[in-house]
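Number of protein chains: 2
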Amino acid sequence: MRNLLITISYKGTAYHGFQVQKNAVTVCEVFQNAVEKVLKKREDVKGCSRTDSGVHAGQFCVGLSTEASIPCENLVRALNVNLPDDVAVLDCIEVPQEFHARYSSTGKRYVYRVWNSAVKNPFLGEYSWHYPYKLDVEKMNRAAADFIGTHDFSAFCSAGTSVEDKVRTIHFVGVEKNGDLVQITVEGDGFLYNMVRIMAGTLIEIGGGFREETQIPAVLASLDRAKAGKTAPAHGLHLDKVFYDEIEGFKRK
Amino acid sequence: MRNLLITISYKGTAYHGFQVQKNAVTVCEVFQNAVEKVLKKREDVKGCSRTDSGVHAGQFCVGLSTEASIPCENLVRALNVNLPDDVAVLDCIEVPQEFHARYSSTGKRYVYRVWNSAVKNPFLGEYSWHYPYKLDVEKMNRAAADFIGTHDFSAFCSAGTSVEDKVRTIHFVGVEKNGDLVQITVEGDGFLYNMVRIMAGTLIEIGGGFREETQIPAVLASLDRAKAGKTAPAHGLHLDKVFYDEIEGFKRK
Numbered sequence: 001m002r003n004l005l006i007t008i009s010y011k012g013t014a015y016h017g018f019q020v021q022k023n024a025v026t027v028c029e030v031f032q033n034a035v036e037k038v039l040k041k042r043e044d045v046k047g048c049s050r051t052d053s054g055v056h057a058g059q060f061c062v063g064l065s066t067e068a069s070i071p072c073e074n075l076v077r078a079l080n081v082n083l084p085d086d087v088a089v090l091d092c093i094e095v096p097q098e099f100h101a102r103y104s105s106t107g108k109r110y111v112y113r114v115w116n117s118a119v120k121n122p123f124l125g126e127y128s129w130h131y132p133y134k135l136d137v138e139k140m141n142r143a144a145a146d147f148i149g150t151h152d153f154s155a156f157c158s159a160g161t162s163v164e165d166k167v168r169t170i171h172f173v174g175v176e177k178n179g180d181l182v183q184i185t186v187e188g189d190g191f192l193y194n195m196v197r198i199m200a201g202t203l204i205e206i207g208g209g210f211r212e213e214t215q216i217p218a219v220l221a222s223l224d225r226a227k228a229g230k231t232a233p234a235h236g237l238h239l240d241k242v243f244y245d246e247i248e249g250f251k252r253k
Numbered sequence: 001m002r003n004l005l006i007t008i009s010y011k012g013t014a015y016h017g018f019q020v021q022k023n024a025v026t027v028c029e030v031f032q033n034a035v036e037k038v039l040k041k042r043e044d045v046k047g048c049s050r051t052d053s054g055v056h057a058g059q060f061c062v063g064l065s066t067e068a069s070i071p072c073e074n075l076v077r078a079l080n081v082n083l084p085d086d087v088a089v090l091d092c093i094e095v096p097q098e099f100h101a102r103y104s105s106t107g108k109r110y111v112y113r114v115w116n117s118a119v120k121n122p123f124l125g126e127y128s129w130h131y132p133y134k135l136d137v138e139k140m141n142r143a144a145a146d147f148i149g150t151h152d153f154s155a156f157c158s159a160g161t162s163v164e165d166k167v168r169t170i171h172f173v174g175v176e177k178n179g180d181l182v183q184i185t186v187e188g189d190g191f192l193y194n195m196v197r198i199m200a201g202t203l204i205e206i207g208g209g210f211r212e213e214t215q216i217p218a219v220l221a222s223l224d225r226a227k228a229g230k231t232a233p234a235h236g237l238h239l240d241k242v243f244y245d246e247i248e249g250f251k252r253k
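For the record, the sequence lines run as chains A and B. Note that the numbering used here has the first sequence beginning at 1, numbered continuously upward. Note that the numbering used here has the second sequence beginning at 1, numbered continuously upward.
Be aware that one or more of the hints could be misleading.
[Said to hold, decoys possible] If you anchor each label on the Cβ, the simulated ranges turn out as follows:
| no. | chain 1 | residue 1 | chain 2 | residue 2 | range |
| --- | --- | --- | --- | --- | --- |
| 1 | A | Gly179 | B | Arg50 | 21 to 31 Å |
| 2 | B | Val81 | A | Phe172 | 35 to 45 Å |
| 3 | B | Arg225 | A | Tyr103 | 30 to 40 Å |
| 4 | A | Asp180 | B | Tyr103 | 49 to 59 Å |
| 5 | B | Arg102 | A | Tyr133 | 35 to 45 Å |
| 6 | B | Gly209 | A | Phe210 | 29 to 39 Å |
| 7 | B | Ala14 | A | Lys241 | 54 to 64 Å |
| 8 | B | Lys22 | A | Gly160 | 22 to 32 Å |
| 9 | B | Thr13 | A | Arg50 | 22 to 32 Å |
| 10 | A | Glu212 | B | Arg142 | 57 to 67 Å |
Think of the hints as simulated: they come from the structure by calculation, not from any bench. By construction, the Cβ of each residue, glycine as well, lies at the ideal position given by its N, Cα and C atoms.
Work out the full structure: start from the sequences and follow the hints.
Now the structure itself:
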């Protein structure tokens, strides 16, 4: 049995997230369809993460256990031929049996994109949230620094999660402005349900002048979802990178 | 009667070009719908150009004659509220009566985008042509220089045009590579039907090694469409800028 780690990229607009759902098209389903066409067998796959409806992924990793002997390079090419235009396979490597796309991950980087102009952008409409009020990026960066470190993120987690332990470590949060595009980058060891979207929504309310820049520590300490900002819309969120410590040594076979 | 010049931007994927057609949704139609909602009257509009189905515009100018007294700034805001996400109004200025969005234009700049990688890009799929063979950009640039100047472009014009005079002047053609994105920029005083797409298709065949880089002058001289390359797909084409000599002095009123 080979354990393959396949890196994909997708535009999430047309999908109800990655994870298979009944009565809704998901990235996992179209990926499994492509695998089935290529390997003539429907294989189980494991995603590195769940993603919400409409969220995009520049890099998303999928684990696939298979008896098939097809070389990784050929599998990449064959899957791409069988996938729709909005899902691409970037890479495939063979990893040890105990490696798991989700549980072996040591962290992730998300980017939240905001089109910050009075006028919408017809080309970035599916990839960014159109926020017309002027954002103070310096203020957002000062506030963002308070997220860094290990905290209980209960205030930044949507209801409906079954996770008990809400302590997570954030390594980096930065806000950059490039013309009218504002990008919030968040790196951490793990994330709760809607955590990045609530962090982004709160920072945007601070940048727009609707909240004080000094309040993040108090919101974190409250453990109260109602104290944080609104959940920013899904279509601005991009899973940018999945980190694995030990992956560098693995080879394409 | 006020003569307004309105600058718009649109993602062309969902439209059968700008110009109104029977039984097909066009940018002009949705723009006129928005004008009708705002001004309570269906007004005639004049586009600066025709664009093909699926072609995008970073900047496209529309002439609108109206008795309405709404200030330009308010009209921009009101139109944006009434337009779909893939069409935006960027600007509106009042121009002299004799000014015409199409006939007063002194030139246009187009950008043709190619995603030049073995693997497709799920985010640029609607905005670029996926061309998997390696392109020699230096070779393309040397060939492109032969387009510059005043030539009869009959060999670079699709059949079915009613235009008699096929002499046009090209001021600039340049090819740039940024990562896996290759952009062909063409500036000229005017363009024939499919001219930029055939120029791009020919340059891409040269860059891919399927044609000699020295053959552009002979293809131009032949006046024979069959001698030029294939018409590159519409979805890679972007109308980037419309030039007007005298526009700088006009004011927003």
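Verification of the supplied hints:
Gly179 of chain A and Arg50 of chain B have their C-beta atoms about 30 Å apart, which keeps the hinted 21 to 31 Å range intact. For Val81 of chain B and Phe172 of chain A, the hinted distance range of 35 to 45 Å is satisfied, since their beta carbons lie about 38 Å from each other. Checked against the given bound of 30 to 40 Å, the beta carbons of Arg225 of chain B and Tyr103 of chain A, roughly 59 Å apart, lie outside it. Take Asp180 of chain A and Tyr103 of chain B: their Cβ atoms lie about 32 Å apart, and the range 49 to 59 Å is violated.
About 37 Å separates the C-beta atoms of Arg102 of chain B and Tyr133 of chain A, a value consistent with the hinted range of 35 to 45 Å. Evaluation of the 29 to 39 Å hint for Gly209 of chain B and Phe210 of chain A yields a failure: the beta carbon distance comes to about 57 Å. Roughly 32 Å separates the CB atoms of Ala14 of chain B and Lys241 of chain A, a value that falls outside the hinted 54 to 64 Å. One distance hint, 22 to 32 Å for the beta-carbon pair Lys22 of chain B and Gly160 of chain A, is violated here, with the actual separation near 49 Å.
Distance hint check: the CB atoms of Thr13 of chain B and Arg50 of chain A are about 29 Å apart, consistent with the given range 22 to 32 Å. In this structure the supplied range 57 to 67 Å holds for Glu212 of chain A paired with Arg142 of chain B, their Cβ-Cβ distance being about 59 Å.
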